[in-house]
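Novice: All chains, please: the whole structure from these sequences, using the hints.
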Amino acid sequence: DTAVSQTPKYLVTQMGNDKSIKCEQNLGHDTMYWYKQDSKKFLKIMFSYNNKELIINETVPNRFSPKSPDKAHLNLHINSLELGDSAVYFCASSQGQGNMNTEAFFGQGTRLTVV
Amino acid sequence: QKEVEQNSGPLSVPEGAIASLNCTYSDRGSQSFFWYRQYSGKSPELIMFIYSNGDKEDGRFTAQLNKASQYVSLLIRDSQPSDSATYLCAVFPPSSYKLIFGSGTRLLVRP
Chain A
61 DTAVSQTPKY
71 LVTQMGNDKS
81 IKCEQNLGHD
91 TMYWYKQDSK
101 KFLKIMFSYN
111 NKELIINETV
121 PNRFSPKSPD
131 KAHLNLHINS
141 LELGDSAVYF
151 CASSQGQGNM
161 NTEAFFGQGT
171 RLTVV
Chain B
-4 QKEVEQNSGP
6 LSVPEGAIAS
16 LNCTYSDRGS
26 QSFFWYRQYS
36 GKSPELIMFI
46 YSNGDKEDGR
56 FTAQLNKASQ
66 YVSLLIRDSQ
76 PSDSATYLCA
86 VFPPSSYKLI
96 FGSGTRLLVR
106 P
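Line order of the protein sequences matches chains A and B. So the first sequence is numbered by the numbering used here: it starts at 61 and just counts up by one. So the second sequence is numbered by the numbering used here: it starts at -4 and just counts up by one.
Some hints here could point you the wrong way.
[Unchecked claim] Cβ pair distances, simulated, as ranges:
1) A/N122 x B/G49: 40 to 46 Å
2) A/N111 x B/K37: 27 to 33 Å
3) A/N139 x B/D22: 30 to 36 Å
4) B/R105 x A/S125: 43 to 49 Å
No wet-lab data here; the hints were simulated from the structure. Each residue gets a CB set at the ideal place from its N, CA and C atoms; glycine is no exception.
Specialist: In structure tokens, the structure reads:
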């Protein structure tokens, strides 16, 4: 049973298109995240949701719109894709908050290539 | 100053040696610290977490935390070629819902 699963694993699309990535966790965690890992392998947080509410938006362009229909799901929709959006996007989840968060578990990643 | 800093490496050690990976963080109030391993093309995988000052051992891995110096380290004993990967240090700043990662240290274990 995969703890954090995201789909699709690979996504190749043209500039200007709109695409979505889905994420689901079965760990019962109340916090979910989207991270972007660029070509230099740096993992940068994009969004953080706690109990379906947006908590963190790290100055991400508003072409990126996360949606959390429930605690177990956090999807990412991207409008008007640009070449610079090419990266690996990771979903993750954790339990707790602030000072005593538990460890975060990651999905397998979605490699987005914009051509 | 970056919130979490690591030397990018690569750190090259011979098989059987001890690999020492270091990390510093800027927010003094941070309480939760994690080490992840990431193989090329794979997702980050948790190796160790540590919340209290001192050492925490798990098999060949030891995490060390010094809050006064804002310093976290990971020691890997009896390094194996299969340990070759990028090691990511991560910190939860106080009252935060975001796990901040360092840029990672690439470890190469030579057979």
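Novice: All hints are to be evaluated individually against the structure, with a verdict given for each.
Specialist: Hint by hint, here is what the structure shows:
1. In this structure, A/N122 and B/G49 meet the distance hint of 40 to 46 Å, their C-beta atoms being roughly 45 Å apart.
2. A C-beta distance of roughly 29 Å is found between A/N111 and B/K37, which places it inside the suggested range of 27 to 33 Å.
3. The given range of 30 to 36 Å is respected by A/N139 and B/D22, whose C-beta atoms sit roughly 34 Å from each other.
4. Look at B/R105 against A/S125: about 46 Å separates their beta carbons, and that is inside 43 to 49 Å.
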